[in-house]
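Protein chains in written order, with this note's numbering: chain A, -17 to 261; chain B, -17 to 261; chain C, -17 to 261; chain D, -17 to 261.
Hint data in this document are derived by calculation from the structure and do not stem from the laboratory. No residue lacks a Cβ here, since even glycine has one placed at the ideal position from N, Cα and C. Among the clues, some could well be false.
What the hints assert, rightly or not - Selected chain D positions facing chain A (Cβ under 10 Å, derived; list incomplete):
{"id": "1", "residue": "W30"}
{"id": "2", "residue": "A32"}
{"id": "3", "residue": "G33"}
{"id": "4", "residue": "E35"}
{"id": "5", "residue": "V36"}
{"id": "6", "residue": "P37"}
{"id": "7", "residue": "G38"}
{"id": "8", "residue": "I39"}
{"id": "9", "residue": "Y40"}
{"id": "10", "residue": "H41"}
{"id": "11", "residue": "C42"}
{"id": "12", "residue": "R50"}
{"id": "13", "residue": "I55"}
{"id": "14", "residue": "A57"}
{"id": "15", "residue": "A61"}
{"id": "16", "residue": "Q78"}
Unchecked claim - Examples of chain A residues lying across from chain B (beta carbon under 8 Å, computed):
{"id": "17", "residue": "V21"}
{"id": "18", "residue": "G23"}
{"id": "19", "residue": "D24"}
{"id": "20", "residue": "I43"}
{"id": "21", "residue": "E44"}
{"id": "22", "residue": "P45"}
{"id": "23", "residue": "S71"}
{"id": "24", "residue": "I197"}
{"id": "25", "residue": "T199"}
{"id": "26", "residue": "R201"}
Protein chains: 4
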Amino acid sequence: MCRWLAYSGSPVLLHDLLYKPENSLVVQSRHSRLGVEPVNGDGFGVGWYAGREVPGIYHCIEPAWNDRNLREISAQATAGRVFAHIRASTGSAVQQTNCHPFRHGRWLWMHNGSIADFPSVKRDLVLAVEPNLFPEIEGSTDSEVFFYLALTFGLEEDPPAAVARAVELIEETGRRHGVQYPVQMTVAVTDGESTWAFRYSSEGMSRSLFHSTDISTLRVQYPDNPMLDELSDDAKLVVSEPLGDLHGAWREVPESTCLVVRDGHEHLQAFSPSATHAS
Amino acid sequence: MCRWLAYSGSPVLLHDLLYKPENSLVVQSRHSRLGVEPVNGDGFGVGWYAGREVPGIYHCIEPAWNDRNLREISAQATAGRVFAHIRASTGSAVQQTNCHPFRHGRWLWMHNGSIADFPSVKRDLVLAVEPNLFPEIEGSTDSEVFFYLALTFGLEEDPPAAVARAVELIEETGRRHGVQYPVQMTVAVTDGESTWAFRYSSEGMSRSLFHSTDISTLRVQYPDNPMLDELSDDAKLVVSEPLGDLHGAWREVPESTCLVVRDGHEHLQAFSPSATHAS
Amino acid sequence: MCRWLAYSGSPVLLHDLLYKPENSLVVQSRHSRLGVEPVNGDGFGVGWYAGREVPGIYHCIEPAWNDRNLREISAQATAGRVFAHIRASTGSAVQQTNCHPFRHGRWLWMHNGSIADFPSVKRDLVLAVEPNLFPEIEGSTDSEVFFYLALTFGLEEDPPAAVARAVELIEETGRRHGVQYPVQMTVAVTDGESTWAFRYSSEGMSRSLFHSTDISTLRVQYPDNPMLDELSDDAKLVVSEPLGDLHGAWREVPESTCLVVRDGHEHLQAFSPSATHAS
Amino acid sequence: MCRWLAYSGSPVLLHDLLYKPENSLVVQSRHSRLGVEPVNGDGFGVGWYAGREVPGIYHCIEPAWNDRNLREISAQATAGRVFAHIRASTGSAVQQTNCHPFRHGRWLWMHNGSIADFPSVKRDLVLAVEPNLFPEIEGSTDSEVFFYLALTFGLEEDPPAAVARAVELIEETGRRHGVQYPVQMTVAVTDGESTWAFRYSSEGMSRSLFHSTDISTLRVQYPDNPMLDELSDDAKLVVSEPLGDLHGAWREVPESTCLVVRDGHEHLQAFSPSATHAS
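Looking at chain A on its own, in the form it has when it is part of the complex (with noise of 0.2 Å):
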């Protein structure tokens, strides 16, 4: 069970995003209030696009609300999409290779839920990898083979498409296996310009997931949230769990769907792994 956060908009200090929030992610990483477990301490990880040819990514195995780096840095660097991400290890080791969000190219990966009996399914899936792709695995998460099996798939090309193959792939070898719910997910994945957040499980009872409503509305409705201050109007976020108690401001994504969020603008698609829609 994990947490995690993905904006998109002007550039922001990571520090604004990381850290205001009356339930920012570091404080959900102590106490989060919507997951399956309340505390998120195995790792920390965030993915930010500065301009560079690749995003850069801060890998971290103790708990974001000590590590001094993740608030040095924060407060030192900008930027226009912003992926984070808590852990809650489901048994896998506490690693930097194991932290999310993952990295191949300009894109970026983070997931929170499991493949079920991942053990029992590993191999499996880990052969359906693309041979080229095979060395890049680095950790043992099922969330990083998830990731690789999705660019095997065609993420470069067709996010929703992929990640609907690769879904459907995690059903059939967990089902194959004795799996009644081979797939429990929230994933979000970007390419710096565009993101994609999905929420789905086998079971339809998904992890919650939320996205941020129109931020010029909520600045008229509230004037003086500091929060609100910091982000610029074509702010869009998607979450685990809401940020703040702010009413009105956020809205559940709802179960098997796909939302997309690119040029401000966003919008939802229904989303199921035998489905292969054209984003």
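Model the placement of chains B, C and D on the given structure of chain A, informed by the hints.
Chains B, C and D in isolation, oriented as in the chain A frame:
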């Protein structure tokens, strides 16, 4: 805020003390029941006497619950005197030199609580430490300075008297700086033979502290309890919070009390800053 | 490139093995004399048999020379079989799951050298691992995959034969991928009773490997040597490089050789990939 | 013993400073050429000014050469003033609070060398620190106490005078404790605008220190050198040892000298403990 455990008795496997109990210290590190703060994820330490000249200490800055080395060491080492401590930092850095127990020769010390407004009184307290001992202070916590004050005041000769004088100095110093309640403490200290445990606070509302009742009686009462199987009849535990729900197994240490455990026996004596009881 | 040490004999304090010798493994971590790379600062591991069902292992990612916990544990633990390893990464991540020795049940394995062009052959090798063993692979090193191949080929029944078959597979696989010299290795493996040490490389120019000569003879020769005082007459050491300059104390293990240490005796036997000697 | 680098000039990517040069600081961390100790693997730190109120600092306790986060951050962050430091501990713990550069407000400080027999003089020196500054001392190094002494003596008003008075105090204190040569130092300090670099030792045999010659002249001389391409004409580097073998690129800073870099210019001035030059 922290949680700790002090064991005296026949040699036990550290694993049986730290991991087996229902509400073990490792479980408490993630979900303490009685602590001011439920998460104690800012470092861990264990000290054990394995028949060498000095006790061993293992200090780590990761949360106890995911430290594989702790699990490994615990599964191999046995000891008849064990101190273990999980830390929730009240501000000072999360680093090995700030982890309890602290060691001086054969002596170990650990503390739950705080010296109020430590930054403002630290200089005065540090100056009161015996100059020969001063260079041994390695970390930046109030707890370590407290230990060196107690050593300065004769801890190795008369622990209750030395701790009383240290508390007296801290209270005087705090009040001089306008602090209302300068000391909040449960402290355990041992030379590997006897253990002294203190419960005291300037405001008279101290952190929780419990000691185990007679193991042989409990064993008769609960013939099937696995935790009791691991412990010898002479086992004595002093803990920040009970390690399980066994009715009758734990007795609260009263406020302003020093509990002495020696030769398989224990007795309680009043403790107050000005009092200088012989042990 | 790495350096290692394998001890068999009467129980010794780990500290006497790891810190006391003039050119101890901890000294080598900073200044190896015979290594391809003088600094072996990319992690450390020690495995020891202390009479429990499985040996203990301690893995750390800091350089051995400044790991205080290693110093503490070494000062407390004694064992009759000890494996210790300092790592100089050839590319894979510095993380605990990549530290040697690797463990499977009662077995420990450590390796100095490499599987050439590992990224290009890794997938084929991993597929050859017995599916039941596959989920146990936790890290990303060539050395761990090598271990699981040996286990797949019957390491627990006939170590020299199993290692020979694993080497054979690695060489075949490497050559199929155009690698000229696929294997470079010194390997040590033990079940806690016997130790097998291998020196081999596809090009016939293997990493250095030495074993100790008879301790009782040395003791007569050097009555004042403190290191010899710590060791029993039956002590046998196999090491990447001599732990000191004592003339006559160390003998090189020849190329393409398996050294077996058992019951205080040792013997050498030829080792080659196709050969499947019974031990 | 440590090694450091101070950059002033047009904004550069940290990666170009820390990784690109042939004998970069990261290379030096494993194989310093001129250092007393070739390995500087006991922690790393970098401070950079990115236009915020305070400079950022990144401190890590792993060797610089295998710190992935350092590589990531360096590939994203640009700054016009950069301090970087690799540490070889002379005894104090390897922990983030002992990593250089140290920070106070907008000021950064780093030090190579030592205060001789620090344990015996530490108490006296710490007492001389301004009481208001005292609680800011977080670590246990001589270098940090030296910084706070300089701050006590007016570092923020007149750096050369303040450092001179701090050195004077350290020498007096050391001599009172029977220390022959109390100070060994190269020090760099900056407020983000000007940089002051000092080379001094009580025995007159100071650690190595170099500064770069005019970049535009070098560029004419070496039109094909890639490192020069990354640097602007106004770039000034002060370093413990040259970053490469380019003939004419580096000039030694003389003994007992303070080098001041400001507005793209530099000048040398004599430095001695009793002297209190205005800068």
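How the hints compare with the structure:
1. W30: holds, 7 Å
2. A32: This hint holds: D/A32 lies near chain A, its Cβ roughly 5 Å from the closest one there, short of 10 Å.
3. G33: holds, 9 Å
4. E35: holds, 9 Å
5. V36: holds, 8 Å
6. P37: At about 8 Å, which falls below the 10 Å cut-off, the nearest Cβ of chain A leaves the hint on D/P37 intact, so it holds.
7. G38: Where the cut-off is 10 Å and the nearest Cβ of chain A is about 4 Å from D/G38, the hint holds.
8. I39: This hint holds: D/I39 lies near chain A, its Cβ roughly 6 Å from the closest one there, short of 10 Å.
9. Y40: holds, 5 Å
10. H41: holds, 7 Å
11. C42: holds, 7 Å
12. R50: holds, 6 Å
13. I55: holds, 6 Å
14. A57: holds, 6 Å
15. A61: holds, 9 Å
16. Q78: holds, 6 Å
17. V21: holds, 5 Å
18. G23: Holds: closest Cβ of chain B sits about 5 Å from A/G23, inside 8 Å.
19. D24: holds, 6 Å
20. I43: holds, 7 Å
21. E44: holds, 7 Å
22. P45: Holds, about 5 Å.
23. S71: holds, 7 Å
24. I197: With Cβ-Cβ at 32 Å, over 8 Å, it is violated.
25. T199: violated, 37 Å
26. R201: violated, 35 Å
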